[in-house]
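Note that the protein sequences, when read in sequence, are chains A and B. In case it helps, the working numbering puts the first sequence at residues 2 to 282. In case it helps, the working numbering puts the second sequence at residues 52 to 381.
FYI, nobody ran anything at the bench for these hints, they're computed from the structure. Please note that the accuracy of each hint is not assured.
As the list claims (entries may be wrong) - Derived list of chain B stretches under chain A, where covered just means 3 residues or more per stretch with a C-beta under 8 angstroms from a C-beta of chain A: (1) 53-63; (2) 76-90; (3) 96-103.
From the three backbone atoms N, C-alpha and C, an ideal C-beta is built for every residue, glycine too.
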Amino acid sequence: MVLGVGPFQVRIRARIAALTGFLSRMYRDFPLHPPDGFADIRVRLYRPRSWRRYFQPQVCFERDGKRIFHPFPLSHAPPLFEWGLNWCIATRAHQYLMLHAAVLERGGRALILPATPGSGKSTLCAALMHRGWRLLSDEFGLVREDGRLDPLPRPIPLKNESIGVIRAFAPEAELGPEFPKTRKGTVAHVKPTGASVRRMEESAVPAWIVFPRFQRDARAVLEPVPASYAFLRLAYNAFNYEVLGAEGFRRVGRLIRRCRHFNFSYGRLEDAIEIFDSLAS
Amino acid sequence: MEDLMVVAERSRLTATLGHRLADAGILAALPGRVRRHFEAAMTEARFRNRLIRWEMNRVARALRPLDVTVVALKGAAYLLLDLPLARGRLPADLDILVRREDLSRVERRLTEAGWRSAELSEYDQRYYRRWMHEIPPLRHPRRYVEVDVHHALLPLTARLQADDELLWSSVREVSCSRFRVLSPEDLVLHAVVHLFHDSDCANRLRDLVDIDGLLRHFGARDRDFWHRLTERARAHGLERPLTYAFHVGRRLLHTPVPAEWLNPGRVDPLLRRWMVALLCRALPPSAPDDLDLGAATARWLLYLRSHYLRMPLKLLIPHLLRKALAGKRH
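Sequences and hints are given; from them, build the entire structure.
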C-alpha cells in the first residue's frame with residue numbers, strides 16, 4: 002500500500018499482523034494512494050529467515066532492499082516501523098531544513114519546540130494537541146525554502162511514565178498498544194487528532210521558538226532569549242544543518258528573525274498549556 | 052519512474068543524474084514530487100564534496116612543515132581540477148598518494164596533528180601495510196572523513212602493477228593547492244585500475260560513469276588525448292583493462308571512444324567478448340526484488356578473478372579462508 006504521510010508517499014510492504022493492526026488504527030484517516038503511483042519512500046518489514054524464527058521471532062526493516070537497524074522482536078514491529086520511517090526521512094529529505102522539534106499550530110501560526118534530552122517534548126506535544134493546537138509534527142520541523150513549515154502528523158511515541166500522564170491529562174486521547182522493554186523503555190503511541198490529519202496539507206508560518214525544559218515541580222517560566230543564542234541552539238538541534246550548508250544558515254537565520262524565541266521551564270502540563278495559550282492569543 | 056529512482060539510489064547516481072538533467076534543462080520541467088528527490092541528492096553530494104575539500108585543507112595545513120609531494124587521487128583530484136564529473140559524486144574518503152620513502156614521515160605528522168588510525172587486528176594491519184597500497188585509514192576524531200594514504204596505485208603483491216616511476220614523472224601542480232594531481236591519462240588509468248581490480252563488482256557502475264566522464268572531458272579537449280592514453284596504458288602495462296573499460300563504457304554508456312583507438316591491448320577477441328559480456332552483466336545494479344542470478348554469477352566470477360589478480364595463489368587461499376572464518380569484516 003502507499004500511505005500519504007505529510008509530504009511523503011510511503012510504499013509499505015509487510016505481512017505482519019501486529020503492524021497491520023497498528024497501521025489501520027493509528028493511520029486510519031490518512032490518505033491512501035494508488036499502488037502504481039510514484040512513492041517517495043519504500044519500506045518493507047519482514048520476518049528474517051533464521052533459526053530463531055519459531056521461538057524468538059524477529060522483524061527486520063528494509064529501505065529500498067537494504068536492511069536498516071538490527072532485528073527487533075516481532076511484537077515490536079510498530080515501533081520499528083515508526084523509528085525506521087523517521088530514519089528514512091531524516092537521511093534523505095534535504096529539500097527541507099529538518100529541525101528535531103515538535104511543531105504545533107494555532108491560528109495559522111506555528112510553535113516550534115526543539116527537542117533536547119529532558120525536554121519532555123513528546124509529552125508536551127501530545128498535551129497541546131488535545132488542548133486546541135493542531136499537530137504538525139512531534140519530531141520533525143520541516144522548514145521549506147520559503148520559510149513555512151510543512152506538516153508531518155504521526156503517532157506520537159510516549160515513554161514510560163508519560164503514558165500515564167497523558168492518559169490522565171487527556172482521557173479523550175486515543176492511545177495505541179504498549180510496547181514494553183524497547184530501547185527506550187515502555188513505549189505507547191498517541192493517535193494524531195482528526196483535525197491534525199485532515200489539515201495535513203496546510204503549511205504554517207513559524208511564530209514562536211520555545212526551548213522547553215521539564216523539571217518536576219518547577220514553576221513555569223517563559224524567558225526571552227537573544228537571537229544569537231536561539232540561532233546556535235536551533236542550528237545544533239537540526240538534523241541536517243551541515244548538509245544544507247549556506248542554505249541551512251539562511252533558513253535558520255530567517256526563522257530566528259521571524260519568530261519570538263524563549264527558554265521555557267515547567268513542572269506541570271497545565272501551566273505549560275496556560276502559558277502557550279496566552280502566547281497565541 | 053520510481054524504479055529508476057531506486058536503482059539510481061542504489062548505484063549512488065541520483066545526484067549525478069540530477070546534474071545531467073539540470074544541464075539538459077529538463078530538471079525544472081519535472082513534477083515537483085520527483086524533482087525534489089534529485090535536488091535533495093544534489094544537496095547531499097555538495098555537502099560531501101565540501102567535507103572532502105575541508106579535509107584537504109586540514110591535511111595541507113598539517114603537512115605544511117614537511118617537504119613532501121602529496122598527490123590527490125580520484126574524487127579529490129576531480130574537485131581540484133573542477134571537472135564536471137565531480138558534481139554529484141558522493142566521496143566517502145580522501146585518497147592521497149605519497150612516495151614510499153615519505154610514507155612514515157607523513158603518517159607520523161598526521162598522527163601528531165590528531166588523526167587516528169582505524170582500529171584493526173594485527174593481521175589486518177599487516178595486510179594493509181605489506182600487501183595493500185596504503186597504511187590503515189586515518190580519521191580525525193572531530194570529523195567523518197577517512198584519509199587513505201597510498202604509496203602505490205596497486206597492492207604490492209598484485210600481478211598487474213602500474214609503473215610508479217612513470218606516474219610520478221607526470222604528476223603536475225594545480226593552482227591554489229599544495230596537492231598535485233596525476234596527468235589526465237593517469238587519472239583515467241587509475242580509475243580503470245580501481246574499477247576492475249577491486250573485488251566488489253556490484254555497484255561499480257558509479258566508477259564506470261566516472262571513467263566515462265573523464266574520457267568525454269579530456270577526449271573532447273584534445274584530439275591527441277586518445278593517442279597519449281593508449282601509449283600511457285602500454286607503458287604501464289594496463290592496455291588490457293583499458294580495452295575492457297572502452298568496450299564496456301561504449302556498450303553501457305555510449306562512451307565516444309574513436310574507433311581507431313578502441314583496442315589498445317592485444318586481447319584475444321573471444322576473451323575480450325567474454326570479459327565485456329561478464330562485466331556488462333555484473334556492473335549495473337539489480338532491482339531490489341530481482342534475484343538476478345545471472346548478474347550474481349557474473350559478479351562472483353569477477354570477484355574471484357580480482358582476488359586472483361591481487362595476490363599470488365599461495366597468499367590468496369589462506370587470505371580468503373581467514374576472511375571466510377572471520378565473517379564479513381571488510
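Tested hints:
For the segment 53-63 of chain B, the stated coverage by chain A holds: 4 residues have a C-beta nearer than 8 angstroms to a C-beta of that chain, and at least 3 were required. Remark: the segment 76-90 of chain B is confirmed as covered by chain A, as 5 of its residues place a Cβ nearer than 8 angstroms to a Cβ of that chain, reaching the required three. Figure legend: the segment 96-103 of chain B, annotated as covered by chain A; annotation consistent (3 residues with Cβ-Cβ distances under 8 angstroms, at least 3 required).
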